[in-house]
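S.K.: Hints are included, so try docking the two chains, each in its own frame, into the full complex.
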Amino acid sequence: MTEQKTSKEEKKKKKPKGPIRLGAVIPVTIFVVLVVLFNIYFLDTTIKKVIEYGGTYANGAEVNVGKVETSFKELKFSVKNIQFTNKKKPTHNIFEIGNLQFQMLWDAILRGKAVISLAELGDIKVDTKRARPGHVPPPPKASETSAKDKALSVAKEQFQGNVFGDIAAVAGGASAQDTGDAIKEGLDSEKKFKELENKINDQKAKLEKSFKDLPSQNELKDLEKRLRNIKWKDLGNLAKAPGVLKEADNLKKDIDKAIKKFKNAEKEVKESDKLLKNAYKEAEASVEGDIAAVGKRMKIPTLNPEGIARSLFGEEVFSKIDELKGYYAKIEKYLPPKKKGPSEQDLLKDKVKKQRGEGKNYSFGTPNSYPLFWLKLAKINSENEQGTVAGKITDVTNDQAMLGKLTKVNLKADFPPQKITGIEGEMTIDHRDEPMATISGQVASFPVSNKAISKSSDVTFVIDKADGGSKIEAKLTPKRADVRIKNSFTKIDFKTKAKSKIVDEVLEDVAKRTQLLTLDAKVTGKWDALGFDIKSNLAQVIQNSVQGLVQAKIKEMQDKIRKDVEAAINKQKKQVQGQIDQLKGQYEGELAKAQKELDKVKGQLKSEEKKAKKQADKEKKKLEKKLKKDLLKGIKL
Amino acid sequence: MTLILKQIFGLLKVLNSDTGENQIAAGVACGLILGFAPALSLQTLLVFIIIFIFRVQAGAAFTSAFFFAMVAYIFDPMFDQVGQVILEMESLKPLYTTMYNMPIVPFTKFYNSVVMGAGVVAIAMFPVIFVLTKILVKKYRLKVVAKFEKTKFWKAIKATSFYKWYAKYDQLYG
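Going line by line, the protein sequences match chains A and B.
Per numbering that gives the first Met the number 0, the very first residue in the first sequence carries number 0; after that it's consecutive.
Per numbering that gives the first Met the number 0, the very first residue in the second sequence carries number 0; after that it's consecutive.
Just chain B, with the same shape it has in the complex (with noise of 0.2 Å):
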């Protein structure tokens, strides 16, 4: 839990920061990965292992899986349907009785409906997601964050010695 909330708190740090529009939109693509697969598969080990090696925003992932979990929970009889489309396709079936087959590749559970309606469905949003994410964090910083420090309040905080102090500690500890 610990864990969780101080990714959160980082994600609130990096939103209100300069830098990491690319680890946020990063991080919410993944998420939304994590969120649509129904079980624990390959592909979403795959993702954690992307996620704990490369710098991508952890919160912004956890956040957002939480989320689209949530909205493919809705979603999934449609998920269903894509993946039964798919996995019937006539013109597939020896690719899939190929990878059925293979070693490891079962892991990923590609034969199931819903993971893989799911999985291409992810995947296709993948890229829109990671683009309207960075320009809805470009434009939060813009026009919600420069007012916000523009705000007698803000810079009333700003004065306090205790922000100074927070400040100093993050420069130095962050």
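Looking at chain A on its own, in the form it has when it is part of the complex (with noise of 0.2 Å):
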């Protein structure tokens, strides 16, 4: 009985067990079910919030999707009620997209890659009024701006100010007699003269040490103790005359050596006084600065009109630059230029951190081969009670060198309800070799209404109604931009008040003589420069306006202003000349000295050389002389 069981659990411990695992079969089961339920029930909420997510951080305010419907057999997704927060306005949408529909291509999926053949945008609506106000999410910290930010905002600062307010400050009768707390705030040229001042004991140190290795008085006499110690006598002796050469020559190597020592020093000196002359040069241009920083600070208007038209519009043309560059920001992400080889950050970055399996990834497309993103045509077309709208978007791409066509947006709409109408635009994209965007686009008209111009405790300016049409154009690179705006402004309805009763006139005047409002803009040169040149017929009205209220009165705060700076300045820069001057003497004296003695030394050995040649040609002659002359008695014999 024993032994019957033991062979039947030896039959059952040896029993052969086949390749594959049989019991992997239920888990792998259980996934793939889960994965299908998981298309079939959460596919379509994922999406919807992955739009959502993306989009409100593309938008810059929430972005909220009605519904998302896919078809995994077509590879088709729809998309219903996309609104887009107006980050200014959360109680409204900027637009809504009531149908979104797209197809990809499953041969692109196949390969990695994912192909949009078309994409269909249907009833789009604008401005509508949101259900609830949508989330508008903070802009980034300061810490996380580029350069290009930190430059612009510091663009921004020149257009704060309140150009009415600031005219009503003077005609009531504020005074230049107290320059100095507008002073005492600092000054740049101040800064500057102070900097100064640190790179002169920077350079005098400099020449303290090249100057400590110069040779001293003492090794100076000592070379004209050694030249006068050469026996030049001995030349004329055969044995002698190899070790009197040797040490002639040992002694012009050394006073060789201690020259080229001069000199390096000589031209030390003149390279320190060439910065401290351009360091000062630099310091007195930052004086014109100056004055117009205490201007500003001490809120004397600028009568010119283009002062007046960036004071007045600065802020918002600003704005629309900001605008544009986040745009082209999110641009240069999304369809990133073609890659010329690695940056030095790049290569640094592999220096300090070499991941595994970077390798290097080869290309063998061909020409119908797809790039990793690429939607080929989206077809705008919508007609509802707001309006129309119709475009098409064509070739967005990740690659479009690879591709080889530009990206493409164009745009027509009319929102007649609204009174927005003639809305046109166009945007290329040529990312394939040097990056570039090129925009036009124009809005023939739209209505205006609480347009501040200018708005203080002080003073009210502000458009109450106006039929507006604004035009734009602009090349962005990623280095530069190239903006062109034109907005005109016309049916004005101004409305305005001031506490001041000259100002209020003013502002009267103003309005009464402006039926047209026109606003130019042009915006040129790198992102961390920009040039602003704004002009605006209302800055010329305003001009005229009040010129003869305050010019005088300006003028004489501004050669106040110009007198007390100078006055502030001029001690600190007299004493930084002196000092400029009297290392440039001294070293040049101490030189000058060392100079002479060293080619007197240099004069006497070369005269000594000269003296002992000739000595020695003598003795070589006397001594040629005396072989001849024991030669021919020699033959005699």
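Treat the hints with care, as some may be off.
[Said to hold, decoys possible] Here are the simulated distance ranges between beta carbons: (1) Phe74/B with Val34/A: 30 to 40 Å; (2) Val49/A with Pro93/B: 38 to 48 Å; (3) Lys521/A with Phe74/B: 55 to 65 Å; (4) Lys16/A with Val70/B: 25 to 35 Å; (5) Val70/B with Pro89/A: 55 to 65 Å; (6) Gly111/A with Pro126/B: 24 to 34 Å; (7) Gly65/A with Ile48/B: 38 to 48 Å; (8) Leu135/B with Leu33/A: 37 to 47 Å.
Quick caveat, the hints were computed from the structure, so don't treat them as lab data.
Here a beta-carbon is modelled for each residue, glycine too, at the ideal position from N, C-alpha and C.
M.R.: Below, the structure is given as structure tokens:
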């Protein structure tokens, strides 16, 4: 019985197991069922959340999606009711897309690429009221802003001001008798002269160090002594001559070495002088900037039309440029231009941390292959009670260089109930080689209401109602921007109010004379040094109205500021100039003295050498003569 | 973590038992492919599926993958060089172009020099590692396990009731 049991156990034990793990079938089946269930019940919700999250990031304000429907078999996606919150007015949507459908290609998906062959956008509405106010995320923290942003925020500061308030203050009797407080806030030139003092000390230390290496007076005297001690007379003696020559040669080398050191020191003195002169010029030039800054601190109004236009419309133009910069940054991010080899930063990163498996990716693309992402065509066709929108977007891709096609956007729209008509826009993005985006757009007519031109506790100058028209043309690259904006306002109803009676009269006069308001802006240059050229006919009208009232007073104040700033800086300026002159004089004197000493020794050496050479020639001739004589005597014998 | 530990204990158990030389050798060889692959790609997924579906010792695969991944880190520049040589072969370019534009194949990331180099080296070494592991396992069992089982210490352990209980448990549920 026991034997039988044991053999059964052994048989059970030795039963061969096949190569397939049958126990794995159940977990695999469960996994597959879970994936299928996820696709049926949760894929649409997940896509919806992803669009909302990504859209909010791109729009800068909450984006909501009504419904997402996907068809896995046909690779069709349908998104209904996408609402883009207006970040400036969160109670409203900036626009709303009723239907969005797009179809992807299976062929591309199986190649690991996302290609949307056709997207259709329809039922577009603008400025619709939201069911609840949309969330607007806070702007990025200061530490996250780029150098471009910093440069722009510096530019923004230039536009801060209240031209009417300042005119009111001057007209009301503000005085420039006390510029002290405004100057006390700090002068840039003062800082620069202070820095120059430090530079002088640095150069002084540098020169002191290099002058320490120069041969001392004792060493120069020693050279002179060595020269005197050379026994030139021994040159006539064949046995001693080589020793004398060697000694003379060594002395010459030492003198040349000393001369070289002096020449280097002379070069350093000249370089220091140049550096300090340039720094001085720079500090001197910043005085003009200080005069303007003090004027601004004392709120002295600029009465040239350009200054007035900058003060009135600068911030508005600036905000448009800032928006464009934001959009272009997104274009750069999502439609990256062709890479031109690794940057220095990338190479440095590689040196610091070499990750596993980065390797080199080879491309074996053919003209028919797909880029990683490609939206071939998006048709926009909307007609509803709000108006019509028509247009198309073509060839949005992450790799234009490979596709060889430009991304183009064309749009035309009219919203008669909102009185917004003649919207036309065109955008071309060329990221094939040198990245560039060209944008041109216009809105023929749009209503304007409650547009503040100047609003403060002292002055209210607001366009209550008007018809507006706007045109924009822009060429943007990662480094530069070239933007032209033309705005015009007609049928204007102004709302004016001022505490000062004079300003109130001025505003009324300006409002009466301004039937057409134009605002033209040209912004060009590198992103970190943009030049703003803002012109408005309103500025000219304001200038004409207030010139007689306050110009003399402004001139008086400006002269006073110039005088006071120069007085504040003069003492320091003279002191710095003195220090530079003293430094230059001291070292140039020392150099001249030592150079004189060396030239003397070198001259003596040369003259002794000449003398010795003459003596040696004489001795040589004498010896030759004697030898000839002795030789002839020998022949005779 | 528990799963990995379970697999490692499983490896020790199989290593010290009478069977499974081929399973262990296949596991170690599969681990070689997993460890050398620099990133998740189609072929690594394929190896995972093989380990999961076929009776390959998973503990051996993961342990050796861990070990070979460390080795691969050192040999990456070599893999990169090998991959570049293979991918730059003019005669193979038409094949690569076809593969690059074929469905699914690009998911293997064959166009990356490190993936290609590491893949080729791993496939070339697969039979060597398989045979070598098999020989080493046999020798280990013959020389180490057999000798250990003859020691008094092991005999004493085997005589304990705890061991008998464990042996029974292992026979029934192990």
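S.K.: Assuming the hint says 38 to 48 Å, is it satisfied by the Cβ distance from glycine 65/A to isoleucine 48/B or not?
M.R.: For glycine 65/A and isoleucine 48/B the Cβ distance comes to about 40 Å; the hint holds.
S.K.: Using the C-beta atoms of phenylalanine 74/B and valine 34/A, is the stated range 30 to 40 Å upheld?
M.R.: Holds: the Cβ-Cβ distance is about 36 Å, inside 30 to 40 Å.
S.K.: So the hint says 55 to 65 Å: do the beta-carbon atoms of valine 70/B and proline 89/A match that?
M.R.: holds, 57 Å
S.K.: When you take the CB atoms of leucine 135/B and leucine 33/A, is the distance between them in 37 to 47 Å?
M.R.: holds, 40 Å
S.K.: Taking the beta carbons of lysine 521/A and phenylalanine 74/B, is their distance inside 55 to 65 Å?
M.R.: Holds, at about 59 Å.
S.K.: Is 24 to 34 Å respected by the C-beta to C-beta distance linking glycine 111/A and proline 126/B?
M.R.: holds, 31 Å
S.K.: In this structure, is the beta-carbon distance linking valine 49/A and proline 93/B contained in 38 to 48 Å?
M.R.: Hint holds: Cβ distance 39 Å, inside 38 to 48 Å.
S.K.: Confirm or reject the claim that lysine 16/A and valine 70/B have a C-beta distance inside 25 to 35 Å.
M.R.: holds, 32 Å
Consistency with the previously given hints is maintained throughout, with no hint failing.
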